[in-house]
Amino acid sequence: MTSTKPLDQIRAELFSAFDQHEWVNYDRLTDWLRETDIASNALKVGDTAPDFLLPDWEGRLVSSARMREKGPLVLSFYRGGWCPFCTSELQALHGARAAFDEAGATLVVISPDTMHFPRDLRREKGLDLTLLSDVDYGVAISYGLLFPVPEDVRTHYLERGVDIGARHGSPVTMLPVPATYVVRSDGRIASAFVDVDFTRRQEPEAILAAVRGAVGA
Amino acid sequence: MELHQIRYFLAVAETLNFTRAAEQCNVTQPALTKAVQKLEHELGGPLLLRERNLTQLTDLGKQVMPLLQRTFASAQAVRARASEFKRKDVAPLKVGLAPTVSASLLISPLGEISKHVPGLEVELVEGAPDELAEMLLNGDLNVALVGGDNAAGARIDQWRLFTEKYVALVPTGHPLTQKSQIGVEDLAEAAILERVGHDGDEALRRSIFPEAEPPFRHRSRHDGHLQHLAVAGFGVLLAPEHMPHLDELSAVPFRDDAPRHSIHMLVIQGRPYSPALDAFVKVARVKDWSAGHGIQPSAGHASALAV
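Keeping their order, the protein sequence lines are chains A and B.
Position 43 of the first sequence, counting from 1, maps to 42 under numbering that gives the first Met the number 0, and the rest follow consecutively.
Position 66 of the second sequence, counting from 1, maps to 65 under numbering that gives the first Met the number 0, and the rest follow consecutively.
Bear in mind the hints are in silico, worked out from the structure with no lab data behind them.
Using N, Cα and C, we set each Cβ at its ideal position, and we do this for glycine too.
Any given hint might turn out to be false.
What the hints assert, rightly or not - Computed cross-link-like contacts, DSBU-like style, restricted to lysine-lysine with a CA-CA straight-line distance of at most 35 Å:
#1 B/Lys-114 - A/Lys-69
#2 B/Lys-114 - A/Lys-124
#3 B/Lys-61 - A/Lys-43
#4 B/Lys-93 - B/Lys-61
#5 B/Lys-114 - A/Lys-43
#6 A/Lys-4 - A/Lys-43
#7 A/Lys-4 - A/Lys-124
#8 A/Lys-43 - B/Lys-33
#9 A/Lys-43 - B/Lys-178
Stated by the list, open to error - Covered stretches of chain B (in silico footprint by chain A; criterion: 3 or more residues with CB under 8 Å from a CB of chain A, positions within the stretch not fixed):
#10 61-67
#11 102-116
#12 122-129
#13 281-289
What the hints assert, rightly or not - Just a few of them, taken from the derived set where beta-carbon distance is under 10 Å, the chain A residues facing chain B:
#14 Phe-51
#15 Leu-53
#16 Trp-56
#17 Leu-60
#18 Phe-84
#19 Asp-112
#20 Val-138
#21 Gly-168
#22 Val-214
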């Protein structure tokens, strides 16, 4: 496995660069998500994982049912190529690619970004990952991860030059709570990591441990 | 946000009656009301106005409804995946193409969809954008690709797929082929072939012919016919960059500052997507349309970051 910094360390570094507006926005969004209890909708260990057919970054269709025939399927929901916590997470997953292959798992990362955005992200960060576009949020809502972005948070991102709705081709701005699922070959969820604090992500090592558990089960 | 909340809201939006919506969804009215209220809370305002016997959509309700319909349809497609795709049913997909949109654009998306949608039956229909919009509304088409920034009707979802240059198609050996790029001034003396029932090149035509259009002498509605006229030396044919052309013709692109032609996808709002349409729309909204069609991509986008 390529040595990369632990995500916790990257998180601390990103925090140290926050300006005042970013702290306000961070508190506002995470408080709102806790207050509306969005995460309670999320699918849990033992639930049946909904199958899907989504386009990858080149517009090729990818079927979850076909992927899980080969072994455990790791689904990592990220917010988009505009979120530095997401891009750090994807880089860490990229670094762990060989370990996922060795463990016999298929790894895909999913966001509602459409058009050229997943292609740009993959190229700019040199990611050897399968990036899928959750067009119109059908998969995020099926996993219970979808929420409408509050207006003031949306405005904050717009002021930073990120029009999330436009990236999604959507008149309403929605996002998934970042989450990582390990789905067994039989379609059951073996592991679920869901955190409304969008700065916290599951370390690749922890996902790999869940994958090994899913294979052994 | 949960799927059942969307389903209940869409039922109220359709029936404009909480009692009937609850019956339709097979839940009690208090349960339906509670779910809709939770959705309203998450979306930051009321979606429905409730006045005694009258229920109406608020502006926010009207604004979010098309997207919630699409998200619901998309999630239904997720659920239907396992059962429907294994059946060998016929999966019709009727695609409308405006005259400036070549079916060559569909080669890769249709190939992709046929791998996953058994029983796919494709029908391609050519028509002017307003004819295609009418056919969409009547349910005679599932999706249409049209050129130009035509404002689609209120009940039509529209996505811009890509933009491209226009080129001048001229016979090999024509003086214009000496140039790597052309401007309006290069066409001052040229006979231009008229594209009847054209779509989308209005802005381009206005920029090329700001005063008055040249006196066209030769015309057709069909791109293939126009290309044969161009080969026969009857005039210069202005065509979108992606359009495949006859071997006897050379394409000379306009300069970078010329207006670009944009291709849009149109789909009716609020109708359930068939598995074939669902797959087509998803592929269309992600794929790189410039690849394989000789289209120069427009300027890159700076990737902004935000937390």
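Hint check results:
| no. | hint | verdict |
| --- | --- | --- |
| 1 | B/Lys-114 - A/Lys-69 | 18 Å, holds |
| 2 | B/Lys-114 - A/Lys-124 | 30 Å, holds |
| 3 | B/Lys-61 - A/Lys-43 | 33 Å, holds |
| 4 | B/Lys-93 - B/Lys-61 | 28 Å, holds |
| 5 | B/Lys-114 - A/Lys-43 | 32 Å, holds |
| 6 | A/Lys-4 - A/Lys-43 | 29 Å, holds |
| 7 | A/Lys-4 - A/Lys-124 | 16 Å, holds |
| 8 | A/Lys-43 - B/Lys-33 | 24 Å, holds |
| 9 | A/Lys-43 - B/Lys-178 | 63 Å, violated |
| 10 | 61-67 | holds (count 5) |
| 11 | 102-116 | holds (count 6) |
| 12 | 122-129 | violated (count 0) |
| 13 | 281-289 | holds (count 7) |
| 14 | Phe-51 | 5 Å, holds |
| 15 | Leu-53 | 7 Å, holds |
| 16 | Trp-56 | 7 Å, holds |
| 17 | Leu-60 | 5 Å, holds |
| 18 | Phe-84 | 7 Å, holds |
| 19 | Asp-112 | 9 Å, holds |
| 20 | Val-138 | 6 Å, holds |
| 21 | Gly-168 | 5 Å, holds |
| 22 | Val-214 | 23 Å, violated |
In this structure, the earlier hints numbered 9, 12 and 22 are contradicted, and the remaining ones agree with it.
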